[in-house]
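Asks: Residue numbers (this note's numbering), protein chains in the order written: chain A, 1 to 119; chain B, 1 to 119.
A few of these clues could be false.
Within a straight-line C-alpha distance of at most 27 angstroms, the following computed BS3-like cross-link-like pairs (lysine-lysine) qualify [to be verified]: (1) B:Lys22 / B:Lys86; (2) B:Lys22 / A:Lys86; (3) A:Lys119 / B:Lys119; (4) A:Lys119 / B:Lys86; (5) A:Lys29 / A:Lys119.
Between beta-carbon pairs, the in silico distance windows are [to be verified]: (6) B:Glu50 / A:Leu13: 40 to 48 angstroms; (7) B:Phe95 / A:Ser96: 30 to 38 angstroms; (8) A:Ser67 / B:Asp10: 39 to 47 angstroms.
Quick caveat, the hints were computed from the structure, so don't treat them as lab data. Ideal Cβ positions, reconstructed from N, Cα and C, are used throughout, including at glycine.
Single-letter residue listing:
There are 2 protein chains.
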Amino acid sequence: MQDIEPIIKDYLLAWNASDSKKRADLMAKVVAEDCLYADSHLPEPIITRELHYQFIDRFRQKFPDLSLVLASSLDSHHNFFRFAWKLVKPDGIPFSQGSFFGKVNQQGEISKLVGFVDK
Amino acid sequence: MQDIEPIIKDYLLAWNASDSKKRADLMAKVVAEDCLYADSHLPEPIITRELHYQFIDRFRQKFPDLSLVLASSLDSHHNFFRFAWKLVKPDGIPFSQGSFFGKVNQQGEISKLVGFVDK
Numbered sequence: 001m002q003d004i005e006p007i008i009k010d011y012l013l014a015w016n017a018s019d020s021k022k023r024a025d026l027m028a029k030v031v032a033e034d035c036l037y038a039d040s041h042l043p044e045p046i047i048t049r050e051l052h053y054q055f056i057d058r059f060r061q062k063f064p065d066l067s068l069v070l071a072s073s074l075d076s077h078h079n080f081f082r083f084a085w086k087l088v089k090p091d092g093i094p095f096s097q098g099s100f101f102g103k104v105n106q107q108g109e110i111s112k113l114v115g116f117v118d119k
Numbered sequence: 001m002q003d004i005e006p007i008i009k010d011y012l013l014a015w016n017a018s019d020s021k022k023r024a025d026l027m028a029k030v031v032a033e034d035c036l037y038a039d040s041h042l043p044e045p046i047i048t049r050e051l052h053y054q055f056i057d058r059f060r061q062k063f064p065d066l067s068l069v070l071a072s073s074l075d076s077h078h079n080f081f082r083f084a085w086k087l088v089k090p091d092g093i094p095f096s097q098g099s100f101f102g103k104v105n106q107q108g109e110i111s112k113l114v115g116f117v118d119k
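Chain A extracted, bound-state conformation (with noise of 0.2 angstroms):
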């Protein structure tokens, strides 16, 4: 079983980087060509690493202020995991939050992200 932690780790920070060229070299050593990502936000799943950097890259570019945090510990068994997220503005306060669940492959890349909004 992969150590799902710091895989994890480099995916929150591509999220939060503020550099694009920063966010797309942590994608490339932690998310598969073929991810699969899909959320209640999108019209349908984005299936390559590509896609999936643009989405976080418009993301970024229309919330700069927003983070992207572990809102709990990461569980994990059979390379498959969940983890709560919060969306936080920089004073702390929760701006949106949900769950991920996942899967990592082989490579220690993330090969599935299906993200759902508790609020």
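Following the hints, complete the assembly by docking chain B onto the known chain A.
Replies: Just chain B, lined up with the frame of chain A:
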């Protein structure tokens, strides 16, 4: 998008049936033959409906008085779903609780189901 609620209700009925034939019939209806099932108690994920059925059947024989019930609303998008569950004793006291995350296929069958235990 499939209406996921009746699928999950039948799946919970399959867990709770005291009659193995009824369990098998319900699972034939709402679980794909190649459904992946994983939880933290299993050494390896289960990857067939038949083994999934045998797993629940053994559980039912071991814990005939526990019922698996929904402990949240059913949240879904893009044929992915999540819900919180409780295993309760006949007096309603929870024995264990956690969450399931999964996917249904185009035939309205559960094709992936991954469980996590909260306590």
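Asks: Check each numbered hint against the structure and report the violated ones by number, ascending.
Replies: Hints 2 and 5 contradicted; others consistent.
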